[in-house]
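Novice: Since the structure of chain L is already known, use the hints to place chain U on it.
Listed here are the chains, written in short residue letters.
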Amino acid sequence: MTGTLTADSVTWSAGGRLVIDGVSLAVADGETLGLLGPNGAGKSSLLRLLAGLRRPDGGAVLLDGRPLVDHRRRAVAQRVAVVEQQVSTELDLTVEQIVRLGRIPHRGIWSGDTAADHLAVERALEQTETTAMRDRDWRTLSGGEQQRVQIARALAQEPRELLLDEPTNHLDIRHQFELLALIRALPVTAVVTLHDLTLAALFCDRLVVLDKGRVVAAGTPAEVLTAELISSVYGVAAHVSVDHTGRPAIQLLPPLPANT
Amino acid sequence: MLGFGLLALSIAAAMIIGPADLGFGDVYAVVAQHVWGGQVAIAPIDDGIVWELRLPRALLAAICGAGLGICGAILQSLMRNPLADPFMLGISSGASTGAVLVVVTGIGGALTLSGGAFVGAVLAFALVLALAAVSGGGQDRVLLAGVAGTQLFSAATAIVVFSSADAQQTRGVLFWLLGSLAGAGWSQVALCGLVCAACLAVCWLQSDALDAFAFGRDAAAALGVSVRRVRAVLLATTALLTAVLVSAAGAIGFVGLVLPHAARMIVGPSHRRLLPVTAITGAIFLVWVDAAARTVFAPQELPVGVVTALVGVPIFMWILARRRRIR
Numbered sequence: 001m002t003g004t005l006t007a008d009s010v011t012w013s014a015g016g017r018l019v020i021d022g023v024s025l026a027v028a029d030g031e032t033l034g035l036l037g038p039n040g041a042g043k044s045s046l047l048r049l050l051a052g053l054r055r056p057d058g059g060a061v062l063l064d065g066r067p068l069v070d071h072r073r074r075a076v077a078q079r080v081a082v083v084e085q086q087v088s089t090e091l092d093l094t095v096e097q098i099v100r101l102g103r104i105p106h107r108g109i110w111s112g113d114t115a116a117d118h119l120a121v122e123r124a125l126e127q128t129e130t131t132a133m134r135d136r137d138w139r140t141l142s143g144g145e146q147q148r149v150q151i152a153r154a155l156a157q158e159p160r161e162l163l164l165d166e167p168t169n170h171l172d173i174r175h176q177f178e179l180l181a182l183i184r185a186l187p188v189t190a191v192v193t194l195h196d197l198t199l200a201a202l203f204c205d206r207l208v209v210l211d212k213g214r215v216v217a218a219g220t221p222a223e224v225l226t227a228e229l230i231s232s233v234y235g236v237a238a239h240v241s242v243d244h245t246g247r248p249a250i251q252l253l254p255p256l257p258a259n260t
Numbered sequence: 261m262l263g264f265g266l267l268a269l270s271i272a273a274a275m276i277i278g279p280a281d282l283g284f285g286d287v288y289a290v291v292a293q294h295v296w297g298g299q300v301a302i303a304p305i306d307d308g309i310v311w312e313l314r315l316p317r318a319l320l321a322a323i324c325g326a327g328l329g330i331c332g333a334i335l336q337s338l339m340r341n342p343l344a345d346p347f348m349l350g351i352s353s354g355a356s357t358g359a360v361l362v363v364v365t366g367i368g369g370a371l372t373l374s375g376g377a378f379v380g381a382v383l384a385f386a387l388v389l390a391l392a393a394v395s396g397g398g399q400d401r402v403l404l405a406g407v408a409g410t411q412l413f414s415a416a417t418a419i420v421v422f423s424s425a426d427a428q429q430t431r432g433v434l435f436w437l438l439g440s441l442a443g444a445g446w447s448q449v450a451l452c453g454l455v456c457a458a459c460l461a462v463c464w465l466q467s468d469a470l471d472a473f474a475f476g477r478d479a480a481a482a483l484g485v486s487v488r489r490v491r492a493v494l495l496a497t498t499a500l501l502t503a504v505l506v507s508a509a510g511a512i513g514f515v516g517l518v519l520p521h522a523a524r525m526i527v528g529p530s531h532r533r534l535l536p537v538t539a540i541t542g543a544i545f546l547v548w549v550d551a552a553a554r555t556v557f558a559p560q561e562l563p564v565g566v567v568t569a570l571v572g573v574p575i576f577m578w579i580l581a582r583r584r585r586i587r
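In order, the protein sequences belong to chains L and U. The first sequence begins at 1 in this note's numbering and counts up one residue at a time. The second sequence begins at 261 in this note's numbering and counts up one residue at a time.
So that you can see chain L by itself, here it is in the shape it has in the complex (with noise of 0.2 angstroms):
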């Protein structure tokens, strides 16, 4: 298969310090891939990278076999939606009023709202159970809801591909789980940056682990996933087992005091 959104040994340096390290990874249409990584290990800028929000240094990030620095922007934004990671606004959002921040790149300036903007947005907050909330002030919302609102408007632009940043930070388990369900239920490719290896092993079609810039694994994530890798990368003893759904199960084992 092959992926409508590559990195082709992508470099990039931030601060004079290379961040990432001649990255090739392909993302095949529909999948659900993970990222996983120490932090540092370059999850977040590859996200960036992969967004076009950041331009690489050597190698190129292409969109349908086209670098993506040659695409118009607005034409990314049509198809690309991004969810970075803590945002914040110093404006009296309402949570119906960034969902339709959404919608800006399906919309021309003389046109007011479509009836497809309307449903895009009705759906979207419909999907991450935002809808009680529409009236609400963003910053009045705990983390977690206001994470669900990011998604929400991700949503709304009604993206083929879906780059998200921790999405499950500051979810409980239920949202943890139900947003995860979500992004592989929706028919958009997605990458997602994951700190959670039993949450990547449930979820996620393709891991691909990131160490110091370098991809030091990639495939699914009982190939992935392996006390050897977790070891090596993490630092951490697990324990590995597979369940009956063939998925591994991942049992971190405490380090032992030393000297005994």
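By construction, these hints were calculated from the structure, which means they are not laboratory data. Because the structure is a prediction, the values reported are computed rather than measured.
Reference listing, derived: stretches of chain U covered by chain L, where coverage requires no fewer than 3 residues with Cβ under 8 angstroms from a Cβ of chain L:
1. 461-470
2. 484-496
3. 525-532
Here's a subset of chain L near chain U, in silico, CB distances under 8 angstroms, partners left out:
4. Ala51
5. Arg73
6. Gln78
7. Val82
8. Glu90
9. Leu91
10. Leu101
11. Ile104
12. Pro105
13. Arg107
14. Ile109
Where is the CB? At the ideal position from N, CA and C, for every residue including glycine.
Specialist: Okay, now just chain U, sitting in the frame of chain L:
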């Protein structure tokens, strides 16, 4: 529409206010005579007061109020800082320095007052943005850089005034620095009106892009906004508009700071409605403030910037306090 009605009414009302005893009827007769032609029995002196003094002055007040309000709204959205405005970011003081340099020293030859103000505004703005970028580019850094820029350019203006101006010039310059619409004439109304209308149009066409900046530059880019181009266009537009207004009416503070907040409370943060409403409310506000500045200590006239500051500072403090409550 309601806004336009109120604005027309305000301008008419402001034209009645003043030492010469003129009523609505006189004002209407004069304006009708000039606009539609024909002869009405009006004393030439009343005609002069209305047509040459009060009308252009009220119009210039409306234009400056609208323009400064728009500049404030644009800067607040682009900088994501509710306290940004041309005055706070040092653009106004840069424009003042440029204008004063041209007036007092006569350097620049072909460079007009507006030209001097424009160069000053652009230089000051560039300096403030560079300072903000060097110090990390955070939202608070822009304001700190603005404070530094304002101080620097005030000092530069002071040096120019003290080293080259005579007493008469100094008094004139100081009055003008505080903001004054006393010198309003038709040529300024035409220039400022055209520039203001053009800049409002440019900004309004970027309404959606401005909305997209609510969560910052990356979020705007992810919504399809060409961040660099939009920022460059809007910052240049604000600098131009500020420069033209400052060259006509001096550095009037707090209009750009306060009016966008008032407008946001009326129509919400969407720029398609926010920008026109800010322009209208700003226009109405400054027409009345100027009328007050002319009459409160009549026959002495207060610089209009003094009155906007008197009204603006309490509102400024209220905005700060409100921000704290939300956190």
